[in-house]
Structures are given as structure tokens and as C-alpha cells.
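Undergrad: Residues per chain are reported as follows:
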Amino acid sequence: MTTTAALLTDPAVPTAAPGPGRLRRMLRSRRLVTGLTVLVLFALAAIIGPFLVGDPNAVSTDLNQGPSAAHWLGTTQLGQDVLAQLVVSARGTLFIGVAAALVATVVSIVIGIGGGFLGGLADEALSLLSNVFLVIPGLPLVIVVSAYAHGGGMPATVLIIALTSWAASARVLRAQTLSLRSRDYVLAARVYGERRWRIVLVEILPNELAIIVSQFIFAVVFAILTQAGLAFLGLENPLDLTWGNMLYFAQNAEALSSGYWWWFVPPGVCIAAVGAALSLVNFGLDELLNPRLRVHHEPRQKKARLQKKGAGA
Amino acid sequence: MRYLLRKLGFYAIAAWLAVTLNFALPRLIPGDPVEIILSRMQQQGPVPAGEHDAVARMLGLGHGNILAQYWDYLTSVAQLHFGLSISYFPTPVTTVLRSCVLWTLLLVGLATLISVVLGIALGTLAGWKRGTWLDNLVPVTTFLTAIPYFWLALLLLYLLTQVTQVFPQSGGYSPDTFIGWNGAFIGSAVSHALLPAITIVLSSVGGWLLGMRNMMVSTLSEDYVTAAEAKGLRARTVMIGYAARNAVLPSVAGFAISLGFIVSGSLVMEIVFSYPGMGFTLLSAVGNNDYPLMQAVFLVITMAVLAANFIVDMLYGFVDPRTRQAR
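From first to last, the protein sequence lines are chains A and B.
Just so you know, we're using full-length UniProt numbering here: the first sequence kicks off at 1 and counts up by one.
Just so you know, we're using full-length UniProt numbering here: the second sequence kicks off at 1 and counts up by one.
Heads up, some of the hints might be wrong.
20 angstroms max Cα-Cα, derived SDA-like pairs, lysine to any residue [as the list claims (entries may be wrong)]:
| id | chain 1 | residue 1 | chain 2 | residue 2 |
| --- | --- | --- | --- | --- |
| 1 | B | Lys7 | A | Glu254 |
| 2 | B | Lys7 | A | Asp123 |
| 3 | B | Lys7 | A | Asn131 |
| 4 | B | Lys7 | A | Glu124 |
| 5 | B | Lys7 | A | Glu287 |
| 6 | B | Lys7 | B | Val252 |
| 7 | B | Lys231 | B | Arg245 |
| 8 | B | Lys129 | B | Leu118 |
| 9 | B | Lys7 | B | Met314 |
| 10 | B | Lys129 | B | Ala227 |
| 11 | B | Lys7 | A | Val132 |
| 12 | B | Lys231 | B | Leu249 |
| 13 | B | Lys129 | B | Ala253 |
| 14 | B | Lys129 | B | Asp223 |
| 15 | B | Lys129 | A | Gly120 |
| 16 | B | Lys129 | B | Glu229 |
| 17 | B | Lys7 | B | Val19 |
| 18 | B | Lys7 | A | Leu121 |
| 19 | B | Lys7 | B | Ala304 |
| 20 | B | Lys129 | B | Ser218 |
| 21 | B | Lys7 | B | Arg322 |
| 22 | B | Lys7 | B | Ala256 |
| 23 | B | Lys129 | B | Val117 |
| 24 | B | Lys7 | A | Leu126 |
| 25 | B | Lys129 | B | Tyr242 |
| 26 | B | Lys231 | B | Thr219 |
| 27 | B | Lys7 | A | Leu129 |
| 28 | B | Lys7 | B | Tyr242 |
| 29 | B | Lys7 | A | Ser68 |
| 30 | B | Lys7 | A | Arg181 |
| 31 | B | Lys129 | B | Ala256 |
| 32 | B | Lys7 | B | Ala253 |
| 33 | B | Lys7 | A | Ser127 |
| 34 | B | Lys129 | B | Lys7 |
| 35 | B | Lys129 | B | Val19 |
Reference listing, derived: stretches of chain B covered by chain A, where coverage requires no fewer than 3 residues with Cβ under 8 angstroms from a Cβ of chain A [claimed, not checked]:
| id | segment |
| --- | --- |
| 36 | 4-16 |
| 37 | 112-120 |
| 38 | 300-314 |
Derived by calculation from the structure, the hints in this document are not laboratory data.
The C-beta atom is built at its ideal place from N, Cα and C for all residues, glycine as well.
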């Protein structure tokens, strides 16, 4: 679903001029601030958290304990501390999410902007490739691939997720590049005799930065969710500590039907919180950069719609 | 006509790529997969003569050089010779497939349809009345789409079948009914499908809603909407006939792309609810190293998604005439 939403957002996001008023506007966007706050909290937990909690794999005699003063979020079937696992897993999960999204974004930039800029046969071939990757269902492919290529650690997971998530953004970037390619300033740069890579890096790429950032954020959400799904299906290396693997072990121990909710609920809540925070940041940025989506909160304005139209005319 | 041919050509290439990928994958297994499969079959009963050849051909590992193997593989796929399943030995793979394909098609198809219609209707409203309380739908749906699907489903499964017994336990039907077109079976199948369908709708409606709302907001600032309002047309006519009709186009186009995600989601759903469909079969095939069944399920899922995409593309050509003219 993330991809659909990414595709449906208007690609022609005008970039506002930087200035001192921008930061103030940023801070006024409640969505942006909420999202960023949550993200910073999780990032801090992932970076310094593991030094503050005990060994997440340490086994103790407190089996299946509910939340208490000694174990804030209770213990697992083997007596491991759920909070310690949760904090250490934050690191693995966020790493996979960001790494997979980075790889996917780089691939989509190369294929999308490259194809759109080069045009001709190269463009036909590259857009065919991304369209094919779009329509072939990702998860069945991933399941079959990992069934054949048993095992593999975190790098394998990152690559598999990236492989299935670059296509949609490549398509959007290609469309945008096609429209930028024939703008006057790009033509001017060509007439000047600027090199191709310079035109792409200096004239085209910066103008697509807003889209690229938004798609990167969506890609992180997608990667975290896919990772959780893969882990849940038992297709991830069980030694990696991630929220998905925590859920996998909790489910295998039938944590929920035995009533050990403190083992099953927190990882899911964490995934949802990170995902929602990332989406909020994305919408906040979107509102900031795309005035059409901005909502007017003046209470006495009976028809916000009419007022906006007056401003737009 | 040209549009149709172009689309047809694209899907032919996509299908060919998927089939070829399926041909290449078994080469990744260490050892001789044909021998592995045959020895597993022999443990379960007598293997019919010629099965060695059939397995080898289906895995693309027959005799001769790689081109001849590839040709053998293509012909057996075209004739739907998928060989015998290992986990359901000696049932042919095609029979196993036939018994599970309808479950997935009905449940996932209906749930998706409900989710799309609901999402687009709510998105239209949220876009039309933006700046009102309906805007609160946006953060709520954002949160819903960020929840891992299986987590939500398992939680609901626990709350609604164990804590309060609103819905029947997992599975596709209750075991004391006979499979067939009789009232008791259909009733039990429907009641078992309700909870999975609800979880699918819950987790997917947000994306449609959000996309539709944003397009609606963009469309409402178009001149023809202003003109329609200036003419004094009723608000409903403007909302549905002028704004929503144009705003829905990207959602229709996006539908084709999101089909892959819907299928992926439904695989996980079937695992959670032990629902006897394609995804459940695929995962149990993977668990049992049932390579013939695994390959066949992958091919059927991919082909079904490609076919559905093709149909949506055709429909889109009718809905939006501009795409037909575009090169």
C-alpha cells in the first residue's frame, strides 16, 4: 500500500526557497514535529540503548513473568528480558530498514533518472525492467528465492528487500526526469556543453530531491514491514535480533494464546510507531513543500475550500 | 488497437521473464535436486516410471545442453505438466492447486473489492470536506497502514476467537461439514471468511483513502470544478460527477500495481488463519522442500497477477481515453 500512496502523491512538488521563515513553519507543522520526536526517541534507543540494558540473550529462571519492577516488560519463555530484547532489536530493525531503503533508493535513482535522461533504447529497456519488477508479486518471489538459497544473514535480507522495492520509485523518478529534461535551464546547460553526468548531478538531481526524500522514507517503512513479515514466516536468520524475529519466537511459543501478551504486543507496537512516525514526517514535509495539500485551520472560515481557491487564483 | 498490442507485448515479456526466473532458480540448490526429490518420493511410495524424466524436465534439468533443457521446460509448463507433489504424494501438483485456488480467489478478491470501494468513498468525502473532523481519518489510517499486518491479525484472532468467541477458529470451514454446494458448508465457509476479510480491509483501506483524498484536494482546485460550482450545480453533482470522477484515475492505475502487494498480504493472511489457499500451500511446500509444488504455485500466482493487471490496464484504457492515444 505504501507504494500506491507514494505513486499517488503529486510528483510535481515545487521546492520552496530556503529562508529563516522555513524553520518556523516546520516547527508549526504538528505532524512533522510529532513524527520527528518519535523517530529521535527510537534512534536514541537504538544507538545508546543497548549499553544501558543487560544481555538480551541472557537466560534466567524467571520464565514467562509479567511486567514487574525487575523486568519492566516481563520475560520470555526462556526467561530473557523482553525490554532488553526490544531495545537491542531496535538497532537491527532500524539498520535493515535504512540500509534496504538506501539500496532501493540508489537503484531507483540510477534506473529512473538514468533511463529518463538518456531516452531512446536505454530508456525503453530500463522502464520495461522496472515495469516487470512492479507487476511480478514480490513476496512469493522472495519466499521462493530464500527457499532455494537457504539462510544468509542481514546483508541477504537487506538485498532481498531492496530487490523487491525499487521499481515504483524508479517509475516516478523517470516520469519526473522526462519532464525536467526539456526545461529551459537544462537545455541551456547542454548548449553550454556541460558534461552529461554534471547535468544529471547538478541540474536534475537537486530538483528531484523532495521526491527522493519522500520515497526514501516510504521505502524505510516498507522495508521494516517486509522484514517483519519475512521474519514472521521464518525466512530470516533467527540469530539476528529484530522486532520481526521477536514476534516469530513469540508466535512459535504461542505467547498470545497462553496470555503472555507482554512478549507479543511490544514489538508490534514499536514497528507501528516507527512506521507511523515516518509517514507523519513524510506528510509533514509534503504539506510544507506542496502548498496545495496544506490545510487551513482558520475556524471562522466556513468553506476552507473556497478560501484556498481565492488564494490560488 | 495499438495500445492493446503494446500492453499485450509487455505482459508477454513479463510472463516470459517470470517463467525463465523459475527455470533459473533450481540451479541454486546444492546437489542434484532431481535425485533429492525422487528419493523423497520413494520414501512415501512407489514412484511411477517416467517420473524421473518429468521432474527433471519441470525443474529444467533434463538431458542435453541448457537450451534443450530450457525448451523441454517451456513445453512442460505450456502443457501444465507440473509433475507430482512431494508433500501430497502421489497427487499431481495440478490437483493440489485446483483445490486451493478458489479459496484465495474468493476471499482475497472480495476483501480487496470492499477495501477499494470503501477507501475511495471515504477518501472522496475526506477530500471534499477537508479542514473538518474528517481530517482526523488521515493520522488514524496512517497508523493502521504502519501496523504489521500479521501482528494485527493475530491479535484480532486472539481477541475475537479466544477471549470472546465472536468468530469461529481458524481454517476455511468447520470440519464437521461436507465440502460441496450445500447450505451448511457455505454458511460455515462464509463465517470463517469474515474475520480474515475484516483484517485485510482494515490494513489496506488506509492507502486507498489517503491517495484518493490527496487527489481529490488537487482536483478541487481545478478550473472546471470552479466552473461547475459557479453554474450552481448541486454539491453532490460537483463532488461525484466532476471532482471524484477525475480524482479516481490514479487510484485505478495504482490498483494494477498494488495487486502484487495485495497478493503478498494475502499470503501472510492465509498463514495466520491457516486458510486453505495458495499462500498456505506455498509456505507448506517450502517447509517440506516440495519443489514441484512450490514452482507451480509461484507460476500460478504470478500469472494470475499478470492477467489481472492486463484486465485493469484494458479497463483503464476505456476509463481514461488519453492513455489510448499516448504512444
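Undergrad: The structure should be examined with respect to each hint, and the outcome stated for every one.
TA: Each hint tested on the structure:
no.: 1; hint: B:Lys7 - A:Glu254; verdict: violated (47 angstroms)
no.: 2; hint: B:Lys7 - A:Asp123; verdict: holds (17 angstroms)
no.: 3; hint: B:Lys7 - A:Asn131; verdict: holds (11 angstroms)
no.: 4; hint: B:Lys7 - A:Glu124; verdict: holds (14 angstroms)
no.: 5; hint: B:Lys7 - A:Glu287; verdict: violated (36 angstroms)
no.: 6; hint: B:Lys7 - B:Val252; verdict: holds (16 angstroms)
no.: 7; hint: B:Lys231 - B:Arg245; verdict: holds (18 angstroms)
no.: 8; hint: B:Lys129 - B:Leu118; verdict: holds (17 angstroms)
no.: 9; hint: B:Lys7 - B:Met314; verdict: holds (8 angstroms)
no.: 10; hint: B:Lys129 - B:Ala227; verdict: holds (19 angstroms)
no.: 11; hint: B:Lys7 - A:Val132; verdict: holds (12 angstroms)
no.: 12; hint: B:Lys231 - B:Leu249; verdict: violated (25 angstroms)
no.: 13; hint: B:Lys129 - B:Ala253; verdict: violated (24 angstroms)
no.: 14; hint: B:Lys129 - B:Asp223; verdict: holds (18 angstroms)
no.: 15; hint: B:Lys129 - A:Gly120; verdict: violated (45 angstroms)
no.: 16; hint: B:Lys129 - B:Glu229; verdict: holds (15 angstroms)
no.: 17; hint: B:Lys7 - B:Val19; verdict: holds (18 angstroms)
no.: 18; hint: B:Lys7 - A:Leu121; verdict: holds (18 angstroms)
no.: 19; hint: B:Lys7 - B:Ala304; verdict: holds (16 angstroms)
no.: 20; hint: B:Lys129 - B:Ser218; verdict: holds (13 angstroms)
no.: 21; hint: B:Lys7 - B:Arg322; verdict: holds (15 angstroms)
no.: 22; hint: B:Lys7 - B:Ala256; verdict: holds (13 angstroms)
no.: 23; hint: B:Lys129 - B:Val117; verdict: holds (18 angstroms)
no.: 24; hint: B:Lys7 - A:Leu126; verdict: holds (16 angstroms)
no.: 25; hint: B:Lys129 - B:Tyr242; verdict: holds (15 angstroms)
no.: 26; hint: B:Lys231 - B:Thr219; verdict: holds (18 angstroms)
no.: 27; hint: B:Lys7 - A:Leu129; verdict: holds (14 angstroms)
no.: 28; hint: B:Lys7 - B:Tyr242; verdict: violated (29 angstroms)
no.: 29; hint: B:Lys7 - A:Ser68; verdict: violated (61 angstroms)
no.: 30; hint: B:Lys7 - A:Arg181; verdict: violated (26 angstroms)
no.: 31; hint: B:Lys129 - B:Ala256; verdict: violated (28 angstroms)
no.: 32; hint: B:Lys7 - B:Ala253; verdict: holds (14 angstroms)
no.: 33; hint: B:Lys7 - A:Ser127; verdict: holds (14 angstroms)
no.: 34; hint: B:Lys129 - B:Lys7; verdict: violated (38 angstroms)
no.: 35; hint: B:Lys129 - B:Val19; verdict: violated (48 angstroms)
no.: 36; hint: 4-16; verdict: holds (count 4)
no.: 37; hint: 112-120; verdict: violated (count 0)
no.: 38; hint: 300-314; verdict: holds (count 5)
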